[in-house]
Amino acid sequence: DEALQFDTTLAQIQYAEYLVQSIPYVYNDWLSDVPGMNYDIYVELDARVAQARYLYDTRNIIKNGDFTQGVMGWHVTGNADVQQIDGVSVLVLSNWSAGVSQNVHLQHNHGYVLRVIAKKEGPGNG
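Under full-length UniProt numbering, the first residue of the sequence shown is numbered 1, with each subsequent residue one higher.
FYI, nobody ran anything at the bench for these hints, they're computed from the structure. Treat the hints with care, as some may be off.
[What the hints assert, rightly or not] Dumping the calculated EDC-like pairs for lysine to aspartate or glutamate here, alpha-carbon to alpha-carbon at most 20 Å:
{"no.": "1", "residue 1": "119", "residue 2": "86"}
{"no.": "2", "residue 1": "120", "residue 2": "66"}
{"no.": "3", "residue 1": "63", "residue 2": "46"}
{"no.": "4", "residue 1": "120", "residue 2": "81"}
Given these sequences and hints, build the entire structure.
So, in structure tokens, the structure goes:
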């Protein structure tokens, strides 16, 4: 397959990857070099997940949008840091003067979707 549905998220791809890695009997229990009964389906699904990840990465004009590489590719102002929370890279802005930005090139008359998940902690405005 050469395209992803426009609403496919990284979380969905990661969950599919988790499910594929959970497939039992990929290799023989006693001879680890010998394919098991689920080897063929595992190889096929693993390749599809890898293709989905590749398509996801290439369709996104924002680089490192999931912050898996820290703030690489982002212009950082103030105190911005990336933390691992439940196995997910999360951008943490410690105050309202902190921020990150990235220059992107847009095509005229072309539609884009920007998806952001944000959470505010603690009291105060915002």
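**Satisfaction of hint between residue 66 and residue 120, Cα-Cα up to 20 Å** = Roughly 18 Å between the alpha carbons, so the hint for residue 120 and residue 66 holds.
**Message:** Would the hint linking residue 63 and residue 46 be met if the CA-CA limit is 20 Å?
**Reply:** 24 Å, violated
**Restraint status (C-alpha distance of residue 119 to residue 86 at most 20 Å)** = With a Cα-Cα distance of about 15 Å, the restraint between residue 119 and residue 86 holds, given a limit of 20 Å.
**Message:** With the threshold set at 20 Å, check whether the alpha-carbon distance from residue 120 to residue 81 stays at or below it.
**Reply:** 15 Å, holds
Checked against the numbered hints given earlier, the structure breaks only hint 3 and satisfies all the rest.
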